[in-house]
Structures are given as structure tokens and as C-alpha cells.
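Undergrad: Kindly produce the complete structure, drawing on both the sequences and the hints.
Number of protein chains: 2
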Amino acid sequence: MSWTIKLEDIDDLARGSALLGTGGGGDPYIGGLLAKEALRRHGDVTVVSLDEVPDDAVIACISMLGAPTVMVEKLPSLDEIMSPVQELSEHYGRPITHLMCIEVGGVNSTIPIAAAAAMNLPLLDADGMGRAFPELQMVLPTLYGVSASPLAYADEKGNIGVLRTINNAWGERIIRVAAVEMGCSIMLSAFQMNGVMARKALVPDSLTLCAALGRSIVEARVAKTDPVDGLVETLGGRSLFGGKVVDVERATTAGFARGRATIIEGDSTFTLSFQNEHLMAELNGVVLTTTPDLIMVLDFESGEPITTEGLRYGQRVRVISAPADERWHSPAAIEMVGPRYFGYDTEPTRFDGSVRAGVPIADSDGIA
Amino acid sequence: MSWTIKLEDIDDLARGSALLGTGGGGDPYIGGLLAKEALRRHGDVTVVSLDEVPDDAVIACISMLGAPTVMVEKLPSLDEIMSPVQELSEHYGRPITHLMCIEVGGVNSTIPIAAAAAMNLPLLDADGMGRAFPELQMVLPTLYGVSASPLAYADEKGNIGVLRTINNAWGERIIRVAAVEMGCSIMLSAFQMNGVMARKALVPDSLTLCAALGRSIVEARVAKTDPVDGLVETLGGRSLFGGKVVDVERATTAGFARGRATIIEGDSTFTLSFQNEHLMAELNGVVLTTTPDLIMVLDFESGEPITTEGLRYGQRVRVISAPADERWHSPAAIEMVGPRYFGYDTEPTRFDGSVRAGVPIADSDGIA
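Taken in sequence, the protein lines are chains B and P.
Mapped onto the working numbering, the consecutive letters of the first sequence carry residue numbers 1 to 368.
Mapped onto the working numbering, the consecutive letters of the second sequence carry residue numbers 1 to 368.
These aren't lab readings, by the way, just hints derived from the structure by calculation.
It cannot be assumed that every hint is accurate.
[Stated by the list, open to error] Here are some chain B residues pointing at chain P (derived, C-beta under 10 Å):
(1) G161
(2) G243
(3) V246
[As the list claims (entries may be wrong)] Partial pick of chain B residues on the chain P-facing surface, computed with a CB cut under 10 Å:
(4) T165
(5) I166
(6) R173
(7) I175
(8) R176
Built from N, CA and C at the ideal position, the CB exists for glycine as well.
TA: See below:
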């Protein structure tokens, strides 16, 4: 069922996206500004569910790639957001008919809204992850054999490129160093696919979910009920910890914002390890949850999601976990986004603390 | 006047190119292998002088970009050499009609020969420098406002890209990090221009000169005369030093082969500083010659040119200097390729030790 994103929906969408962005995917305030500006100038955006998208649609993502820490100082213009999509269309020789979000995040869910408004294109109610991950190849379409190439990218200075790589991991390698050189943040359009593949490879209804989550946080605040309880229930997750941030180490290296935050409450010490996104939660040295399941940090009182770059000494926060799309637990996915890929020597631990392995994506559905 | 490059010309051409490559531009043995393979399989190459090239010709360079040290282990295939030219043609929407050498060097003069043979295209008797320089923007066409963009690049794995940048220095920045990530050596096709611009901006007759220089080294050897004396005379240069290499420091960093060589004879100490190419020659701490003039190192007896990566402890060598194309002494050129750009705190010192400044390129001819 199609629906319309209006100006007044943006705050909820950005808030809910930032939550599912698990600390990454960019600042929802920045993302919201961009989307609102686009909607004010170009009108509402039509959102199309996966079951409505035509089989022969030409779909591509538009997203920011780089360290989201940088984006706060380098707000992209609508021209910068549109140019890689236009470049991709020209390179592909057919116009893009639908835009999609490659991931869920405060910026990477709202940039496609801005682009859809400015280009008058429908936006899919779906995304490539159901959360955010830091590297280009880390999307469910990779597991279905969808190539990120040709990928088009642009910076705010007017530099623009198209790249075709032999696999998505090579796309990540080359585009990452280019992004670092171009100022640590670029706009990227890639993962061109048709409607048939989109129905297989994407996570459905993610914009609808983001809007609902964002709205529920505000509604709970108005109703003076606990905003976090509702989120945990909606997501089928659990509460991991609540306490005060006493240390945040971080460094923007190799195009990523990497680091570790320490949160305490009484005698308990809780640590969050992140690389753009929160990837591992430990309580007193015991692993509670790791990537690919979702680890989300919220303001203790207001329930506002806090991005990894928004974490500050002294904040009182709550941390919750929730299950990722089950396909992220398939063996090929764990190899790509499991804790060991990121250098954490631990089993993939689910949102509920279990270590149950996932099953391969069926041959008929995907390649892994 | 057009002429033909045949199999038996390659050794002379590669040797002469390596000489004018001033230590950079790649190993003439490797370059020669590539060109010979192409000529054996595809036949001779027609070389066209600048005064013959049609005004509306579509000319582009094909070259290796990266650390030439790496190329010894990573010999490109003909497919890899052709693919960026084909990509550039497609992106530009018109077929490339003529190939050119962007610089003179053991590999970067012979790769265009290989490409011209394999693609059955004429090759210009010209190049963009009259020597070799390490960075993309360091070509005379930059001084005439010719954009390197669109630039197409490819590696041996099959990764391929097209990039358009706001100026040639940005092209260098982005393509350099991509090249490092892609294995420190890529093939590049860029600097598309027409015949009118080629006549203005390129150095004429450089392949003819390379062939003559290469031939004279061999002829002198056969005639048992001094090969170096003849080169100095032909180039209008001077002999700087002769002695034994006693130290070579080098590192392949940020995609370049940087270093310093020390050569002694009696009480005299001569040092060569290089970054892919020889950029400064000093005798007992006194600067004799710097970039942009040519500093060339040859084997003491045979007169074979020695590249910076070929320099070894114990070699007996002779070092000569020669004037660069006078446009390299214009103020804008000195800013781009003078010794201070490379971090050597000294005046640009000409081949004969003088420090006479050059004049701006006339407005009617160029932009600088």
C-alpha cells in the first residue's frame, strides 16, 4: 500500500531511523533538516511498498558514505544528493524509476526522502539492511548476488565518479579511500536492481516501522509513560542496561568513527564497542549481544536515540537490543558482519544472549 | 611526417624513453616486453607528428599511474591497457582517434605503443611533459587549461572507474588513493583533447627523440666511443658527476617511490633525491640541478639509463643534466613542479647550475 511522507512526518521518521540505525547512519537532526528542506521546496514523497513495485522497476539507493561525524560540518546540498543518481542513470542508460534506502539511519533514511522529493521519484518502503552497517558490501542484496556496481559518487566540491568493481568488497575498498580523500563524506548511488530482486533482497516496510517507532517515542513522552518499554515490545527485543556514560574513546580513522563507551550503574560496568554502529555490548566483561543483532542507545528520560557520535560523558542512557532480520544470521552473513569481522573475538551473540546459529538463505532465494 | 614503429625499434625507444624519464616512468625492460608482445600480435604502429594530426582529432593518453616499483611484479595485460581507453570513449560518446604518451618513460612511452598496436590507432609523436613527473596534474596541458577529466582507470582484477574532478590536482588526489588501494599500479586514460590543443600543449617529436637517443647509446657501444658524451651533446646538457653508488634509501609511500641515493668519487659526495623521478642533484651539499630540468643516471660503461628503482649499492654510474621544455620554467609551472613543491627548500636550479626564472606562457598560448 502506498503512502505519503509529508513535512510533519519527517521528525518521527528521522527519530525512528536513528533508533534502528543502532548508533550509525548519521544524525537524525541533520537528516531531518535535509528532508524537510526538500519537501518544502518540492512537495511530498510517495512511498511504495515492495508488493506494489513493478517487476521491471529500475531501483537504486542514494546514501551518504563516510564518517557521519563529518557530516555535521558538511551538510550536503540537494544538488549533491541528486548528482550521483543522475550520473548512475546516465551510465546505466535508463532512468532510475524508484529510489531506496540502502540502510536505516538518521541520515541514510532521510537523504533518500530528500532525493525522492527533489527528483519527483517514488521511494520504496524498504531498505537493504533493516539496520545500519559501516561498509558498502554489508547489505542483504550482496547475499543475493546483487552488485553494488556501477556505483556513482559525488562530493560537495563537484568531483564525481562512476566505479564498477569485481565484487562489492572491492567496491568498499576503493570507494572508502576515495571518500576519505574527498573529505570523509560523499554521496553514493548504487545497488541498481529491479522490482523482482527488491522483493527478494530488501527488508520490507522499514520506513513504516521507523515512522511508528519515532511516533511512539513522542507519544509516550506526551502520555508520560516509559518510551523505552514500548520500543522494546514493538521490536521484540529486551532491555540491556541503564546508567551513566563515564568514558567515550573514539577516533575517526580510515573513514570510520570507531570507539568504545563505558556506562556504569552501581557496581556494574557496561561497555559498548562501535564502528559507526554499536557492534558489541558487554556487562562486566560478559558479552550480552553482538552484531548482527541490534544494539540501541537512548536517552534515559526522553527515549531519544543517541548516535555513536552523540555519546557524551555524563549522559544517562538506556541500552536495548532487538533481533536483526533473520537472514543476517545466515553463515555467509555472519562472515560478512559478525563480530569477528570487526575484530571482536567472540561468538555472534543474539539480542537475548543466545548463540544459536542461523540457517543458510535458501538456494532458491539467494546465493548464500 | 608519419613513421612506423616496428618490433626492432622498441628496444631503442624504451631505452631512450627511460633516459628522458629521468629515473621514473617505469622499467624500460618491462615496457619493452609489453610493446613487443603487442606488435607481434597486432602489427606495427603508425606514429603521426603534431603538424599532421587533424584539428578535430579525439586524442587521449594511456599510461600507468602508481609506483613503478610495483609494475615489475604486476605486468599489465593488453586487455588491462585497452580497457580505460575504451571506457573513456564510451563515457565521452565519441571514439578516441589518436593515442598519446602523457609523459616520457620506460613504461609510459611503451604502454601507448602497445595500446596503439592492440587498438589499431595512430600514436602521436609527442608527449605531455618531455620528461616524467610523478603526479597527474604535472603535465603541460594543465597549464593550457586542459582537464584530465573525464579520466578512466582500471586494474588487472577488472575494477574500472571513470572520474570527473573540478581540477587536475583533485584528479591526482582521488586517483592516487584509488591506485594505492587497487594495488599501487593502475592503467589510466585521460586528458582528452583535439588536434589544435595538442599542437599547443604537447612537447613535439618526443618519440623520434627517444628512438634517436636509444639508438645512439647502442651505436656508441658498438663503435666503442663514449655513449654519454653523445647524449649530452644531443640534449644540450652537461655531465654532472661520475662515481659509485654507496647508499640508496627508498620507501614506497602514498603510492610513490621516494628516496635518496649517495654516489661518491674520491672526496666528492653526490646525492640524488627522487620521488619516482630524480628531482635534485647535489655535490658536496651544493645544489647543481633541480626539477624541472632533467637529471639522468646512466651506467658508467654501457650508458644504459638507470631508473630510480634500479639504483643499487655498488653500481658505477654517470649523472647528466639537460634542459626541460622551457615552458616548465614559467612561474605557474615552477609552482606545480619546482623543487619546493616536492619539499626541497631550494631555488629551481637549471641544468647548467643557473637560477634564471622563466617567463609566463603567453596568454595567446595558455592560461599560465
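Undergrad: Please go over all the hints and tell whether each is borne out by the structure.
TA: For each hint, the structure was consulted:
no.: 1; hint: G161; in the structure: 4 Å, holds
no.: 2; hint: G243; in the structure: 41 Å, violated
no.: 3; hint: V246; in the structure: 37 Å, violated
no.: 4; hint: T165; in the structure: 5 Å, holds
no.: 5; hint: I166; in the structure: 5 Å, holds
no.: 6; hint: R173; in the structure: 5 Å, holds
no.: 7; hint: I175; in the structure: 9 Å, holds
no.: 8; hint: R176; in the structure: 8 Å, holds
In this structure, the hints that do not hold are numbers 2, 3, in rising order.
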